[in-house]
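> Residue numbers (the numbering used here), protein chains in the order written: chain A, 214 to 631; chain B, 214 to 631; chain C, 214 to 631; chain D, 214 to 631.
There could be a bad hint or two in this list.
[What the hints assert, rightly or not] Between beta-carbon pairs, the in silico distance windows are:
| # | chain 1 | residue 1 | chain 2 | residue 2 | range |
| --- | --- | --- | --- | --- | --- |
| 1 | B | 535 | A | 451 | 20 to 26 angstroms |
| 2 | D | 268 | A | 451 | 15 to 21 angstroms |
| 3 | C | 487 | D | 333 | 40 to 46 angstroms |
| 4 | B | 378 | D | 350 | 50 to 56 angstroms |
| 5 | C | 487 | A | 451 | 31 to 37 angstroms |
| 6 | B | 357 | D | 470 | 56 to 62 angstroms |
| 7 | A | 406 | D | 470 | 43 to 49 angstroms |
| 8 | B | 424 | A | 406 | 29 to 35 angstroms |
| 9 | B | 431 | A | 536 | 29 to 35 angstroms |
| 10 | C | 536 | D | 553 | 50 to 56 angstroms |
| 11 | B | 452 | A | 601 | 30 to 36 angstroms |
| 12 | B | 565 | A | 425 | 57 to 63 angstroms |
In case anyone wonders, no lab produced these hints; they're calculated from the structure.
For glycine and all other residues, C-beta sits at the position ideal for the given N, C-alpha and C.
Protein chains: 4
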Amino acid sequence: ITHIFETHRNEDYVIGSTDLARRSGAKIYHGKSDVMRFEYGNFVTDNDTFEFGGLKLKVITTPGHTFESISISLSDTGFSEKPIAVFTGDTLFVGDVGRADFYPDQAEKVAGLLYDSIFNKLMPLGDHVILYPAHGAGSVCGSGLASREFSSLGYERKYSPRLQLSRDEFIEYKINEHHYQPPYFKQMECANQKGADPLLEIPKPIPMTVDEFAEAIGNGMQVLDVRSAEATAGAFVPASLAIPLNMISAFAGWYLSYEKDIGLVAEDDTDVDHAVQFLLRLGYTRVVGYLQKGLVAWEVSGRDYDSIRTVYAGVIKERMNNHVNYTLLDVRSIDEYQAGHLPNSTHIYVGEILKMIDEIPKEKPITTFCGSGQRAIIAASLLRQKGIENVEVCLGSMAACKKIGCQTVTEDGSKKAA
Amino acid sequence: ITHIFETHRNEDYVIGSTDLARRSGAKIYHGKSDVMRFEYGNFVTDNDTFEFGGLKLKVITTPGHTFESISISLSDTGFSEKPIAVFTGDTLFVGDVGRADFYPDQAEKVAGLLYDSIFNKLMPLGDHVILYPAHGAGSVCGSGLASREFSSLGYERKYSPRLQLSRDEFIEYKINEHHYQPPYFKQMECANQKGADPLLEIPKPIPMTVDEFAEAIGNGMQVLDVRSAEATAGAFVPASLAIPLNMISAFAGWYLSYEKDIGLVAEDDTDVDHAVQFLLRLGYTRVVGYLQKGLVAWEVSGRDYDSIRTVYAGVIKERMNNHVNYTLLDVRSIDEYQAGHLPNSTHIYVGEILKMIDEIPKEKPITTFCGSGQRAIIAASLLRQKGIENVEVCLGSMAACKKIGCQTVTEDGSKKAA
Amino acid sequence: ITHIFETHRNEDYVIGSTDLARRSGAKIYHGKSDVMRFEYGNFVTDNDTFEFGGLKLKVITTPGHTFESISISLSDTGFSEKPIAVFTGDTLFVGDVGRADFYPDQAEKVAGLLYDSIFNKLMPLGDHVILYPAHGAGSVCGSGLASREFSSLGYERKYSPRLQLSRDEFIEYKINEHHYQPPYFKQMECANQKGADPLLEIPKPIPMTVDEFAEAIGNGMQVLDVRSAEATAGAFVPASLAIPLNMISAFAGWYLSYEKDIGLVAEDDTDVDHAVQFLLRLGYTRVVGYLQKGLVAWEVSGRDYDSIRTVYAGVIKERMNNHVNYTLLDVRSIDEYQAGHLPNSTHIYVGEILKMIDEIPKEKPITTFCGSGQRAIIAASLLRQKGIENVEVCLGSMAACKKIGCQTVTEDGSKKAA
Amino acid sequence: ITHIFETHRNEDYVIGSTDLARRSGAKIYHGKSDVMRFEYGNFVTDNDTFEFGGLKLKVITTPGHTFESISISLSDTGFSEKPIAVFTGDTLFVGDVGRADFYPDQAEKVAGLLYDSIFNKLMPLGDHVILYPAHGAGSVCGSGLASREFSSLGYERKYSPRLQLSRDEFIEYKINEHHYQPPYFKQMECANQKGADPLLEIPKPIPMTVDEFAEAIGNGMQVLDVRSAEATAGAFVPASLAIPLNMISAFAGWYLSYEKDIGLVAEDDTDVDHAVQFLLRLGYTRVVGYLQKGLVAWEVSGRDYDSIRTVYAGVIKERMNNHVNYTLLDVRSIDEYQAGHLPNSTHIYVGEILKMIDEIPKEKPITTFCGSGQRAIIAASLLRQKGIENVEVCLGSMAACKKIGCQTVTEDGSKKAA
């Protein structure tokens with residue numbers, strides 16, 4: 214490894230390029246803009262070219278997602294100087310385009326830049342050029358991403374919904390698109406502008422006995438429980454934040470403080486290691502320990518533990534039919550909610566539960582609810598953490614309710630059977 | 214691998230020697246008795262000797278655990294013809310001796326044989342001889358086993374509790390010792406006498422969609438849920454048998470039928486594979502499938518699921534103090550129960566729950582209880598399976614109750630603070 | 214896995230589809246022709262369609278490489294019914310097209326079919342369609358393959374050398390193209406037409422002592438030495454066939470008999486396992502054993518071993534300058550040889566050494582020579598096996614000679630400095 | 214990990230305890246003496262006791278191998294306060310006792326201390342106590358070690374050859390015993406007295422192109438070739454030091470300078486990583502790179518390479534019979550040589566080849582020779598490095614010669630057929 218190219222300054226994780234550079238001796242290259250200036254690495258611009266054996270890379274500036282965003286075309290010079298593929302960073306995805314909401318005061322300008330980058334810089338490379346974007350489906354950087362890992366410029370030009378719009382329609386669409394910006398983005402932007410401190414070794418949290426774990430909690434340690442939603446529902450350390458392991462990347466940055474220690478509760482040591490890695494990528498370096506032998510150790514210690522009742526869709530439907538008085542708290546994104554929700558449900562996005570906690574009526578039972586139940590368990594653990602007593606979680610949530618034919622409403626009030 | 218020695222016919226798992234023989238071309242050797250005659254392999258007896266390079270193995274017949282049990286001494290002939298070590302099978306363990314309860318009509322005789330094998334056949338090899346038994350701690354074959362993996366004959370002679378008894382005391386002790394014999398033992402005895410059918414490949418259960426899984430249940434498939442106790446408490450497929458993964462070997466043989474298909478619910482594919490292996494060793498070859506994408510798939514399908522309330526030790530103590538009327542069902546072994554249990558608790562061994570189901574009062578709430586909560590979740594799932602509604606599980610159980618100072622009683626009725 | 218598609222009947226390895234079908238329960242699908250009729254699986258033809266979630270596969274018959282060859286297009290129906298990609302089997306590669314030499318009496322016809330399949334069946338799918346061929350670089354199925362793993366139809370249309378030809382030029386080119394057909398192809402064709410016998414388990418060759426190994430050689434076992442060229446040059450079991458591990462797939466089928474046992478000499482057990490797998494794919498199931506502890510065991514047994522002198526390029530150049538009288542035996546393909554070889558070198562393709570052995574003058578020293586030395590060690594071991602005494606190998610071979618400026622000649626006799 | 218016990222200051226490798234302490238937070242404990250004082254960790258002495266759950270460790274000072282050597286007994290207090298096992302460091306091995314040659318001016322004293330430690334401190338623990346030594350067979354710390362990993366005190370007392378001697382005989386034996394002390398021992402003693410610098414990460418040598426590798430050699434880099442003896446014989450980079458991978462620990466410390474860079478030639482990247490680890494344990498931190506793509510890259514570069522002829526035992530025997538005039542250079546230890554060597558062979562220990570290079574007659578062909586050929590390849594590479602032209606290696610060496618009945622002589626001149 215001799216060259217590291219960054220297509221743009223990332224907001225959603227700590228980029229590992231400084232570490233890779235340290236280990237490999239490689240040099241780092243990225244774009245430049247007046248708005249944000251990298252404090253490490255080397256700057257490249259249009260037509261800068263790099264050759265490796267029979268391959269040639271050429272830089273194309275493609276501002277829009279961020280001002281300094283670049284794409285890089287790839288040629289196999291044994292066949293042609295013309296490119297066979299292009300790496301598009303967060304400019305052009307498979308089935309969608311990049312977010313353009315990071316400069317809200319220049320929203321129209323950046324949306325236009327993004328459109329021009331796609332249509333004036335990338336598309337002229339040719340329909341036959343293979344497209345390698347920086348993200349696949351599941352990213353916080355675009356909701357319409359296809360689950361294919363790559364595509365071709367021609368296919369996207371013909372079939373990607375966003376690329377069927379005129380320039381004006383495109384700008385209109387991007388200005389009105391809604392994206393959440395978790396608080397940790399600020400931390401990531403800062404780290405990635407300066408260049409992250411290299412990690413000499415992955416920190417290995419120490420196994421803590423129940424007494425040590427409890428004492429650390431007493432001293433302010435945040436508890437993150439990364440077990441499954443079902444296991445959390447069954448029993449958990451009081452006041453834990455529950456985020457199932459594979460949701461850490463998307464949600465931990467909403468709740469965890471960078472200023473306090475973190476202690477983990479996990480199914481096994483492998484999951485501890487994975488959790489540490491996910492948290493490191495979000496810049497959390499203070500994972501000091503984990504509960505040795507897992508929750509069982511806590512249980513047999515005689516300490517109190519918490520649990521959350523689970524309800525299935527059939528119960529929700531019956532309550533609806535019987536007009537039971539309780540709060541069905543739908544914690545999906547506003548887009549999902551507006552596209553179809555249960556009648557009389559209350560909406561607060563899972564990332565904003567703590568901010569909106571005072572809005573939630575506490576005298577009635579609360580059932581947390583999302584797409585499948587995974588975000589609902591996060592929400593339920595937050596409510597319990599804040600001392601709200603009567604909390605349930607609906608595992609299955611919207612997906613299950615649709616399957617059994619619950620009525621849904623869309624935002625303009627029209628009802629339909631799911 | 215050229216030789217396979219079996220120290221005795223096993224009752225608690227399918228021995229893999231026929232498979233190993235098929236793959237390696239090795240020959241199988243074991244002891245002989247009038248009571249049980251192996252239908253495969255070769256017979257050996259006292260002083261039969263096998264040499265491998267500078268090592269020499271010599272057979273010592275040591276009846277007692279079973280009539281055909283043998284031990285095998287090991288010499289490093291570069292140093293001496295005398296043995297450096299002895300493999301004792303289930304005759305002599307570290308800290309205990311083998312079970313002698315398999316011939317209840319000859320209990321005194323076999324206990325005497327066991328004593329004589331240990332003192333007349335093994336001990337004369339010398340205090341300095343290293344002891345390699347066939348089981349470590351955690352086996353169903355002896356409860357007093359030390360957690361060291363091996364010992365020396367001299368150390369056992371001096372410090373093993375059973376070996377401090379006179380011959381008469383030893384026989385008396387063994388006659389009165391209590392061991393459970395799960396129903397699958399019969400199946401294992403039969404398989405191991407004939408020689409197990411070789412497994413050409415580990416059967417790989419197929420991933421089943423929720424619909425396929427539910428249909429199979431309708432056709433009589435047994436559901437085995439191998440997730441953690443907490444996850445089962447949170448949510449499970451109705452009527453499942455819940456046995457946490459690492460308890461399958463010890464408990465699945467009590468409940469699962471060899472005549473019906475088995476479907477698994479597990480945390481992930483790795484756990485499915487482990488469960489299949491554990492079940493195969495118990496002779497269960499009909500694991501036909503597992504719930505694809507785990508319990509989440511069941512939840513989002515809109516189907517009903519079951520759950521079990523969890524209670525911690527503090528609640529149990531408070532109920533005791535307040536004389537709450539409910540059934541605390543202690544499912545530990547009779548030995549554990551007699552050594553100390555909560556007052557007013559009801560005892561039924563976890564293996565015998567189904568046999569004794571009619572003895573359990575159903576009008577009151579039932580809280581299942583064991584040493585730590587792991588057997589209690591098995592019991593709770595069985596009660597739910599049999600349609601008993603008001604079932605809780607005490608995760609933490611006796612260990613937790615002792616920690617918080619619950620009063621306990623021993624069998625003769627005397628009370629003591631734990 | 215529910216469906217297995219075969220794009221064509223393979224000649225160069227045993228296809229694993231029957232085994233995969235047995236393990237997964239999947240069904241097998243392939244094309245049909247009058248010339249060769251599969252004796253297993255299901256037939257598909259143009260427009261047969263298969264849907265999997267949001268993906269759709271559609272069959273396109275593309276005869277040419279073989280008569281029953283098919284391609285399969287892939288659509289992501291969430292975006293369009295039109296294809297995003299096409300699997301082209303051995304019809305269209307990245308940078309080349311498939312071989313068309315399997316029906317020498319119909320050479321012109323099949324070349325034309327291949328051209329039409331590419332231009333009338335595949336290209337109309339559109340430039341933007343991603344191309345997934347069945348082979349990458351290094352295959353015996355095409356020499357011009359790019360080392361990229363996939364491409365797009367448009368890129369190939371514009372830049373693949375073969376696709377720049379007119380239909381007549383294309384046919385002319387294919388008719389005159391030279392491909393070798395190792396003898397094992399016949400065996401593979403037969404196995405793949407009938408459907409290979411499933412492998413219940415990978416056969417594990419047994420470790421053999423030197424005495425056992427030598428005895429087996431006496432009984433006709435073929436010895437295959439898969440160590441590096443350097444290690445073989447240093448010492449090897451007399452009369453071994455030397456093929457470095459990663460060349461087994463391409464070359465073992467030229468020399469090994471299916472009718473005799475095979476014994477391996479390898480660096481370690483991992484290499485034994487890999488060699489067994491490579492040989493199984495060529496249909497060799499009689500790998501009965503390997504030399505335990507490797508060549509060192511043979512050496513310390515006191516038995517004679519063979520070795521081959523190594524010479525570097527500088528020596529070859531000096532001999533050329535001094536007009537030394539010896540045979541420089543160039544064993545590369547005829548295409549490589551004609552494109553540039555050392556003056557006064559003799560050409561015999563490595564696969565045809567045994568057939569041509571009588572043509573080789575034995576009174577002079579022989580130095581085997583190829584592109585880098587890897588095929589030269591195979592050739593050298595064959596010459597030693599046939600009792601030719603004075604054999605050397607040039608490690609480095611043509612690549613090294615070019616680096617130090619040896620003169621080369623092309624086939625029409627013109628000389629040039631390399 | 215909370216405690217790290219060092220039984221003595223090691224001479225033959227860099228102890229990793231400081232690194233383990235840094236990572237785990239554990240404390241280090243070791244013995245104390247007037248002769249050598251550790252500059253890190255904590256001192257312990259007789260009867261210092263450490264308890265861990267039901268286990269108890271007790272320190273026993275056992276000077277002899279070194280003055281500060283300790284042993285540590287282990288009790289399983291659930292059974293007895295008396296020990297079940299003892300960790301003896303380098304004091305007592307399985308089948309042998311520790312070296313006592315590190316204080317040559319106090320040879321008699323330390324041999325007596327060692328005897329007393331064994332008979333007065335360890336043996337009184339009882340015959341039944343299991344013995345866990347610090348080394349197994351193959352160590353540079355004792356040549357008579359059994360290949361069993363542990364034993365019992367009683368077995369050693371009865372059957373270990375050294376323990377059958379009287380105190381005087383024992384001292385006499387130890388004083389006259391011959392051990393080699395490679396030059397790197399001094400470096401290790403120093404590092405282990407001070408406490409090794411912790412390694413934050415295993416240094417990863419960089420892949421070097423042939424040109425970079427050759428340039429580094431020009432700048433003084435030492436080349437270490439870790440491939441097999443056969444591969445080295447076939448071809449190697451001129452002036453390399455050849456030490457097969459698994460012999461690095463025992464031999465690299467004789468030849469490599471700590472003051473110069475080291476470049477590796479290996480079969481593959483896995484072997485590079487292993488070589489780096491072996492070298493690090495000897496304190497070599499300057500492994501800067503390795504030859505990318507291995508020796509093949511060197512060969513195809515057109516550069517000269519070296520090779521060494523191999524001869525098998527039959528040739529040696531024939532030369533003996535025909536009184537051929539050449540130097541058969543036996544590089545085994547003096548003990549091995551005296552116990553039986555070929556007539557007319559010359560002895561120089563492999564570790565001392567460079568020191569004795571002037572003693573070797575260069576006008577005659579030289580064949581290097583050892584036990585099996587592995588040390589002979591090291592010696593041959595050293596001779597070539599020093600510019601000696603006519604060098605062969607006898608792969609198989611003494612083991613092979615014995616098998617084919619070569620005559621041998623013992624030191625007092627008597628001949629015998631092997």
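> Look at each hint and say if it fits the structure.
Here is how each hint holds up against the structure:
{"no.": "1", "hint": "B/535 x A/451: 20 to 26 angstroms", "in the structure": "holds, 22 angstroms"}
{"no.": "2", "hint": "D/268 x A/451: 15 to 21 angstroms", "in the structure": "violated, 34 angstroms"}
{"no.": "3", "hint": "C/487 x D/333: 40 to 46 angstroms", "in the structure": "violated, 56 angstroms"}
{"no.": "4", "hint": "B/378 x D/350: 50 to 56 angstroms", "in the structure": "violated, 41 angstroms"}
{"no.": "5", "hint": "C/487 x A/451: 31 to 37 angstroms", "in the structure": "violated, 54 angstroms"}
{"no.": "6", "hint": "B/357 x D/470: 56 to 62 angstroms", "in the structure": "holds, 59 angstroms"}
{"no.": "7", "hint": "A/406 x D/470: 43 to 49 angstroms", "in the structure": "holds, 45 angstroms"}
{"no.": "8", "hint": "B/424 x A/406: 29 to 35 angstroms", "in the structure": "violated, 51 angstroms"}
{"no.": "9", "hint": "B/431 x A/536: 29 to 35 angstroms", "in the structure": "holds, 34 angstroms"}
{"no.": "10", "hint": "C/536 x D/553: 50 to 56 angstroms", "in the structure": "holds, 52 angstroms"}
{"no.": "11", "hint": "B/452 x A/601: 30 to 36 angstroms", "in the structure": "holds, 33 angstroms"}
{"no.": "12", "hint": "B/565 x A/425: 57 to 63 angstroms", "in the structure": "violated, 39 angstroms"}
Violated hints for the displayed structure, listed by number in ascending order: 2, 3, 4, 5, 8, 12.
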